[in-house]
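Chemist: Residue numbering for the sequence shown follows the numbering used here, beginning at 310 and increasing consecutively.
FYI, nobody ran anything at the bench for these hints, they're computed from the structure.
The beta-carbon is built from N, C-alpha and C at its ideal position, and this holds for glycine as well.
Just so you know, nobody snuck in bad clues.
If you anchor each label on the Cβ, the simulated ranges turn out as follows:
1) Gly314 / Gly342: 34 to 42 Å
2) Pro367 / Gly314: 16 to 24 Å
3) Arg313 / Phe346: 31 to 39 Å
4) Leu353 / Ile317: 22 to 30 Å
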Amino acid sequence: MNARGLTIVADCLVLLGLVILGTGWNGSANVTGTFPFHSSSVSLTGSATGTHALLGVPTLLLGLVLMLISLVWNAADAMQR
Numbered sequence: 310m311n312a313r314g315l316t317i318v319a320d321c322l323v324l325l326g327l328v329i330l331g332t333g334w335n336g337s338a339n340v341t342g343t344f345p346f347h348s349s350s351v352s353l354t355g356s357a358t359g360t361h362a363l364l365g366v367p368t369l370l371l372g373l374v375l376m377l378i379s380l381v382w383n384a385a386d387a388m389q390r
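Using the sequences and the hints given, assemble the complete structure.
Modeler: Take a look at the structure:
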């Protein structure tokens with residue numbers, strides 16, 4: 310597998326982890342956007358339980374680790390050229 314393929318797999322895993330956690334989310338999410346920007350806020354209150362948490366968190370973490378690996382791999386390839 311090359312670095313580009315690893316990046317695509319990592320991105321898909323991160324998105325899948327967020328979707329799994331989002332579908333099992335019990336709570337509320339509020340986003341307030343105002344100008345000037347220092348008055349804007351994001352508020353997440355709640356939890357994901359059961360299989361959503363059991364599948365979502367490891368998928369998200371694996372995707373983030375693979376994303377870091379692909380970042381290092383792409384940087385090393387760029388330095389060799």
